[in-house]
Structures are given as C-alpha cells and as structure tokens.
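Undergrad: Going by the numbering used here, the first residue of the sequence shown is number 7, and it counts up by one from there.
If you are wondering where the hints come from, they were derived from the structure by calculation, not from laboratory data. The model shown is predicted, which means the values in this text are computed figures rather than measured ones. Note that beta-carbon positions come from the ideal geometry of N, C-alpha and C, so glycine has one too.
With a Cα cut of at most 20 Å, we get these calculated EDC-like pairs of lysine to aspartate or glutamate:
| # | residue 1 | residue 2 |
| --- | --- | --- |
| 1 | Lys8 | Glu93 |
| 2 | Lys37 | Asp9 |
| 3 | Lys41 | Glu93 |
| 4 | Lys10 | Glu34 |
| 5 | Lys86 | Asp101 |
| 6 | Lys86 | Glu58 |
| 7 | Lys92 | Glu58 |
For each label pair, taking beta carbons as the anchor points, the in silico distance ranges come out as:
| # | residue 1 | residue 2 | range |
| --- | --- | --- | --- |
| 8 | Pro24 | Phe49 | 16 to 22 Å |
| 9 | Leu79 | Glu27 | 29 to 35 Å |
| 10 | Gly71 | Lys41 | 31 to 37 Å |
| 11 | Ala35 | Leu83 | 22 to 28 Å |
| 12 | Val87 | Asn55 | 16 to 22 Å |
| 13 | Lys10 | Ile100 | 19 to 25 Å |
| 14 | Gly43 | Leu79 | 39 to 45 Å |
| 15 | Asp80 | Tyr53 | 19 to 25 Å |
| 16 | Lys41 | Val75 | 35 to 41 Å |
| 17 | Glu34 | Gly71 | 32 to 38 Å |
| 18 | His61 | Ile28 | 15 to 21 Å |
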Amino acid sequence: MKDKRILYVSSEVVPYLPETEISSMSFEAPKMVNKQGGQIRIFMPRYGNINERRHQLHEVIRLSGINLVINDLDMPLIIKVASIPKERIQVYFID
Numbered sequence: 007m008k009d010k011r012i013l014y015v016s017s018e019v020v021p022y023l024p025e026t027e028i029s030s031m032s033f034e035a036p037k038m039v040n041k042q043g044g045q046i047r048i049f050m051p052r053y054g055n056i057n058e059r060r061h062q063l064h065e066v067i068r069l070s071g072i073n074l075v076i077n078d079l080d081m082p083l084i085i086k087v088a089s090i091p092k093e094r095i096q097v098y099f100i101d
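Use the sequences and the hints to build the structure in full.
TA: Structure below.
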C-alpha cells in the first residue's frame with residue numbers, strides 16, 4: 007500500500023454524520039490505508055446537518071468555482087475540506 011494514492015468516495019463518514027455501518031466502514035477503510043503508508047483522500051456530499059464551524063470546514067478555492075451543468079441546470083461547484091482528528095486524513099465535501 008505504500009506510496010499508493012487513493013480517492014475514496016462515500017455518502018457518509020464518521021465523525022461528520024451519525025455512526026452507521028456504512029459511515030463506520032467509510033472511516034475504517036481509509037484509516038487502514040493511511041496506516042499502511044498510502045495517501046488517501048475522502049470525497050463526500052456536504053449535507054446541511056454537517057456543522058462547518060465544529061468540524062472546521064473551509065473552502066478550497068482552487069477546486070471551487072467550476073460550474074456543473076445537469077440537464078438545463080447550471081450550478082457552481084463548491085468544495086470544502088476538513089481533516090479527521092488524529093488521523094491526518096483529508097475529507098473533501100461537495101456542496
């Protein structure tokens with residue numbers, strides 16, 4: 007696993023959402039890769055119940071500002087990032 011670069015996409019991750027089987031697995035799998043020396047980043051949706059202040063989310067300017075067109079709807083893509091405490095894993099939130 008050493009020197010591997012992995013992008014992990016999940017619908018939910020502990021500690022940002024309540025603990026479920028999926029959110030726990032979405033935390034433990036990247037944690038294991040990180041401990042084995044891999045470089046891992048997690049992408050997940052930025053749900054309205056995620057507290058930006060508590061989890062210290064901040065906008066990633068270089069990734070934000072892209073427009074996403076779905077059918078006839080043109081929406082700006084906003085990416086925010088936070089780190090999982092004590093794990094040194096970055097989580098990117100798609101808003």
